[in-house]
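Undergrad: These are the residues of each chain, in order.
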Amino acid sequence: MMTTLTFDAPADPILERRRRIQSVASASLRRRKNYSRVAIGVCWVFLAVAIVPLIGVVAYVVIKGLPAWNADFFTQVTEPEGIPGGGVWNAIVGTAVIGAIATAVAVPVGLLCGLFLAESDGRIAGAIRFTADVMTGVPSITIGIFGYIAIVKNTGHYSGLAGAFAIGIIMLPVIMRAGETAIRGVPFHLNEAALALGARRATVARRVVVPAAMPGIITGVLLAVARGLGETAPLLLTIFGNQYLQWNPTKPMEALPLVIYNYSSQPYADLVQVAWGAALLLMVVVLVLSIGSRVLAAVLQREKR
Amino acid sequence: MALPNGAYRGLLATVAAVFVGLVLWFVISLIVQAKPAFSTLGFSWIVQKTWDPTHGKFGLLPFILGTIETTAIALVLAVPIGLGTALALAYLVPHRLRASLGTAVELLAAVPSVVYGLWGLIVLAPLCREYLEPFLTSVFGWTGLFNGPDQGVGLVLAGIILFVMVLPTMVAISRDVLAVVPNDQVEGAMALGATRWQVLRKVVVPGARTGLLGGLTLATGRALGETVAVALVIGNSPYIAHSIKSPAATLPSLIVNNFGEATGTELSALFGAGLVLLVIGVGVNAMARALVRSTARGGAASVAVA
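If you're matching them up, the sequences are chains P and L in order. Heads up: the first sequence at position 236 corresponds to 299 in my numbering, and the numbers run straight through without jumps. Heads up: the second sequence at position 1 corresponds to 10 in my numbering, and the numbers run straight through without jumps.
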């Protein structure tokens, strides 16, 4: 008698292999899915770990800084330890004057350099571009040392101008590269159309290219200003600090970052309080500049269409 | 103001030359001012161990080590946490929240470093002394890296503050480059049956690695050169740290703390410290740029092969 072939013969090698593949595949899928779930979970945990200190910084500055904000804070000059009251008016003036001088010099120079880079592709332009990139990453304290050597040593005294010089050098490469990027983003046919009408290159730049690149330029400039105003280390080596009101940039000045730095390590609660207030003010100014640059860029972009 | 074309090109070239001149002036003046230190102390002072101005000893080794150690602690924390956060912000967070969270991170990158220093000194230092350092000592004490008293200020805290400070920069850049990995590659991997994590790990991260390296470079540069945030929380001790909890100092904090009273050789030695810092900073930057260029080429080639 012939043995009957049962339908699910265990000896059938093809079916056996298929079953084995299926079990291996489903085990692998389960393993991969579990692994994926764990790894994605770790990403979420890292997100939480990152958010906690960042929110902590902002929340602390707001909570500790707001009580320091009163009329005196914005109108009086800093008082030495032991004397109650006092504000940071001298530091606000110093930061504003230094920021204004640095911006007034760095923006035109930076934009012209940006134009140069955007219009040149040679080896020299490449080297300048590389230099600018490296300069954006140079430790700011070395630029403070440069401000000290170049201005303080030569004039014989600390001054707001030396600080503005250092801050301007920190802002310059940022404005250059942001300007170049914005100008390169302008469609080339705008250039060609203007040139075809017989316009000179200078006219094309002033009337066509720069206006078209304006949203990007403004964003870059405001971000550079925000960065410059928050710099502390270069100011420590150049403006020295001044507890009296000083509008004259050829004299030593006070600045908000300096107040924060000098008062935060003081053992007096009222001085630490002033440091928190100054930190909140500086943070608000920087955030307003950053947010303002975005809003302005968006508005200009919309108007152009 | 319609300049003739030649004059216009001349003006631009002149301004660009002014920029180059400024940079050259910067580097040369730093070298010239640091030269007295090199001529009286030779070159070996850079790697000597003792900083003792009253006895004419200006060894920079403790500060170079301090700079490297704080940066290393910051990066050990920032690389995994920054990458995980950037992945979450680019692919895991619900679509509606992505834009606003991304903007928030970018804004945090603009917060001045002195604010982080203030927060670290007043809020984090006590927490570090009371909770974090005892905990670390009890868990990792056997390594011998956590000997000594819990002081709050020191290498650990400086590293943590640098981590918090560079995190927004790193996340903002990483998120941008992760988000622009072509969608069809992501969808292709999913169609082949890859899990969510496999898509991120094998497609998104490799596709963005050039930009990720760029973000890492920027973070490293900021951590190496940060002055005030570190000077506030590191404890400023001119000795080589024996423990991760010890107070220490970095090159920038050395400069900023001693600048006011320094004269003569000490002042020149501080300029020399600035020069060393500049060399380290530019070196890291140039190395990373070369690395980015080579991986970018490799990336393009692998895409072409695929």
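To be clear, the hints were calculated from the coordinates, so they are not data collected in a lab. Note that the coordinates shown come from a computational prediction; the quantities given were computed from them, not determined experimentally. Worth double-checking, as some hints may not be accurate.
Said to hold, decoys possible - With a Cα cut of at most 30 Å, we get these calculated DSS-like pairs of lysine-lysine: (1) P/Lys216 to P/Lys314; (2) L/Lys66 to L/Lys44; (3) P/Lys216 to L/Lys211; (4) P/Lys96 to L/Lys44; (5) P/Lys216 to L/Lys44; (6) L/Lys58 to L/Lys44.
Said to hold, decoys possible - Here are the computed distance ranges between Cβ atoms for each label pair: (7) P/Arg95 to L/Leu33: 48 to 58 Å; (8) L/Arg105 to P/Ala90: 36 to 46 Å; (9) P/Lys216 to L/Asn14: 40 to 50 Å; (10) P/Pro143 to L/Val56: 58 to 68 Å; (11) P/Gly104 to L/Gln160: 47 to 57 Å; (12) P/Leu350 to L/Gly157: 36 to 46 Å; (13) P/Pro171 to L/Phe149: 47 to 57 Å.
In this text, a Cβ means the ideal position worked out from N, Cα and C, and glycines have one as well.
Undergrad: Hints first: check each against the structure and report whether it holds.
TA: Tested hints:
The hinted pair formed by P/Lys216 and P/Lys314 meets the criterion: a straight-line CA distance of about 14 Å does not exceed 30 Å. In summary, the hint linking L/Lys66 to L/Lys44 is supported, as the alpha carbons are separated by about 16 Å, within the 30 Å threshold. Annotation: proposed proximity of P/Lys216 to L/Lys211 is violated, straight-line Cα distance about 56 Å (limit 30 Å). A C-alpha spacing of about 62 Å is found between P/Lys96 and L/Lys44, which places the hinted pair above 30 Å, so the restraint is violated.
A threshold of 30 Å between alpha carbons decides the hint, and for P/Lys216 with L/Lys44 the separation of about 16 Å falls inside it, so the pair holds. Pair hint L/Lys58 plus L/Lys44 holds up; C-alpha atoms about 20 Å apart against a cutoff of 30 Å. Checked against the hint of 48 to 58 Å, the C-beta distance between P/Arg95 and L/Leu33 comes to roughly 57 Å, which is consistent with it. Judged by the Cβ atoms, the range 36 to 46 Å given for L/Arg105 and P/Ala90 holds: they are separated by roughly 37 Å.
For P/Lys216 paired with L/Asn14, a C-beta distance near 42 Å keeps the hint of 40 to 50 Å intact. For P/Pro143 paired with L/Val56, a C-beta distance near 42 Å fails the hint of 58 to 68 Å. The hinted range of 47 to 57 Å is not satisfied by P/Gly104 and L/Gln160, whose Cβ atoms lie roughly 35 Å apart. Between P/Leu350 and L/Gly157, the C-beta spacing of about 39 Å keeps the proposed range 36 to 46 Å intact.
Separation of P/Pro171 from L/Phe149 is about 55 Å and conforms to the stated range, judged on CB atoms against 47 to 57 Å.
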